[in-house]
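Participant: Since the structure of chain A is already known, use the hints to place chain B on it.
Just so you know, the protein sequences line up as chains A and B, in that order. This note's numbering applies: residue 350 is where the first sequence begins, and numbers increase by one. This note's numbering applies: residue 26 is where the second sequence begins, and numbers increase by one.
Since the hints were derived computationally from the structure, they do not count as laboratory data. Be a bit skeptical, because a hint or two may be false.
Unchecked claim - With a straight-line Cα cutoff of 27 angstroms, these simulated DSSO-like cross-link-like pairs (lysine-lysine) come out:
(1) B:K87 x A:K563
(2) B:K231 x B:K85
(3) B:K85 x B:K272
(4) A:K563 x B:K186
(5) B:K336 x B:K162
(6) A:K529 x A:K563
(7) B:K87 x B:K336
(8) B:K231 x A:K563
(9) B:K162 x B:K272
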Amino acid sequence: MKKTIFLTTDSSLCSKILSVFFCLAFIPALVLPAAGQSLAWELPEHKERIDAFSVGIGKSWERETYISELSYSGLTGSLQWDSWKGAVPDGKSGFGRTHSSVLFGRPESMVGSRILYASVDYFYSREWNVVHTESSDLLLGPSAMFKLCGLYDMSNSNNTATGDGYLSLGLCADYVGRFKIRNYPLAVQVNMFSPLIGIAPAPNYDQPYWFVYKYNQYTSLIHFAWFGNCFGLNGQVNVICPVRGGSIRVGYNLDYLGNKLGGHLTRLTDTCFTIGFVHRLAKKNLRQ
Amino acid sequence: MKRLRLYLAAVLLMALMVPSIMSCTRSSDDDYAEFINTPRGVFSALWTIMDKHYCFFDLKQKELGVDWNAVYNKYSVSISDNMSSRALFEVLCSMIGELRDGHVNLYSQYDMGRNWSWKTDYPDNFSEDLQRAYLGKDYIIAGEDISYRLFTDNIGYLVIKSFLGGVSDSRFNSMFNTLALCNGLIIDVRDNGGGNTLNADQIASKFTEERVLTGYSCYKNGPGHNDFSDLEENWLEPDRHNLRWVKPVILLTNRGCFSSTNDFVNIMKNLPNVTVLGDSTGGGGGFPFTSELPNGWVVRFSSAPTFDVSKQHIEMGIAPDIRLDMDEDDVKAGIDTYIEYARKLINDQIVNP
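In isolation and in its complexed conformation, chain A is listed as follows:
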């Protein structure tokens, strides 16, 4: 007796976005000629740290059937901070890598209703340089990842808000390609984090939050998550241009979280164009 009329599934939209993202990100890295050593971006030496701060603006798509059957989309703003630190004395084989960001938006459904949306994440990785050439580096390593998203619809009754995210172990990959255009040194950075196994919060189907509070059911909100039932991805493409006194970083960021934990669908996609600066903190300035 179930009567459903299909419009589209948002996972197909995500698939298209992800395809475009990765193709665009990696194709330049494959085809651009290596132009020798440049000063655009070098990996940090031992106890040296590189920080990159960015602000971004973009668009997000949200579908969370706990609060509504509709999809929402809208403009978002974000702040990001990435850092790399040389972790071992040889300066080439071990790096501490962090990524954190906050994002806020007020997306709208196709019929004009709005929700509030915010997310915060912090990833820490230990990376190893698996490929190092004069013009490029490929770093891979395990990552500890925390992400929490909140959705709030104040017009709802007992399902006013919900939270999604994960606390997981995952993988991180960083590719850096250095090249020159007419003797002007540039660097392309492609980065990807993906959680593999951990825990994720989600209320159960129609579980009201007052129920959690009243009956002390906090543990029921925690679900075992692995990449088969909770797929997450955070990817960045950045171009780094050295300028007087530092470097400018211009990039594109994509974050996706999808799962059906708790019996309801979660699809959260954020995209942002970012701009910021890169600051290299010399080792003499760091605490020993």
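Facilitator: Same frame as chain A, but now just chain B:
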């Protein structure tokens, strides 16, 4: 360099596989497919949301003979893609009205769709003018929508019009101090349509000295009509940090007692010093959830049922300990039958306990 290209090619291949993996999961997304914004799409969305989330289908079938699949067939024929938005709203309101649930509503730019027959099909058993007259002009305000006074026969009269506002412990302490020498207390919750359940719990906790089992609750944990979580016991804890009332209490109820007030009556009925007097409550024993239709209309529905200590639904109302109807002659004479009967009960208990 060749090695680098190989690595990059491998990474690119992996990246391209991700959308493929996600595409594989698309078939299972069909359960969550979005509806289109046409009259039939909106109709299907409403019917399906209710079918997956409403918690009283079995009860409504047993008590009211509502077959949700038959409801679909009945109203589906009234839907056409060229019907007006207003006409669609009327049809959808009629459809959800079959459930006769005060927590089932459809909100649109036209109106709030509802079926309040659980209240309107029964005698009022309440006069706001009389209540105002009994309260007089020098009543004391003990909170938002909460006021009281002392009757001349040494009986307290407490009116709770809503459980929406917060409860002030200090004002309740002050009230119990003021009424300390009274023989009993009449609590009038007639026509109280509910509010915040936690407020109802907080007030009820001031009327017991012991921890009392008052009922059970659960919630829908799947799309099937009988998919529910385990029952959780509802215990009323005495408010040990504030004054508590242990003298006789007469609780006045009518069909206008709904939602949180229904819960309040369900709790109070388990206390030994409380007598429920009047008409059955209106019900509303399911906590509501909300969702949205493709055209922006909002639907509210019951999704978490509450049960009494016998594990029976309180959705259809709670019967009083003493059944009473307002006497029309009394009303014409400016007498509230309920209040006078309650005063008599308290005085008789004091004289002939």
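Participant: Each of the hints needs a verdict: does it hold here or not?
Facilitator: Now the hints, each set against the structure:
1. B:K87 x A:K563: With Cα atoms ~30 angstroms apart, K87 of chain B and K563 of chain A exceed 27 angstroms; violated.
2. B:K231 x B:K85: Violated: K231 of chain B and K85 of chain B sit about 34 angstroms apart, past 27 angstroms.
3. B:K85 x B:K272: violated (39 angstroms)
4. A:K563 x B:K186: holds (25 angstroms)
5. B:K336 x B:K162: Cα-Cα ~43 angstroms, so violated.
6. A:K529 x A:K563: Cα-Cα ~62 angstroms, so violated.
7. B:K87 x B:K336: holds (16 angstroms)
8. B:K231 x A:K563: Answer holds: K231 of chain B to K563 of chain A is near 18 angstroms, not above 27 angstroms.
9. B:K162 x B:K272: Holds, because 26 angstroms separates the two Cα atoms, which is no more than 27 angstroms.
The structure fails hints 1, 2, 3, 5, 6 (numbered hints given earlier, in ascending order).
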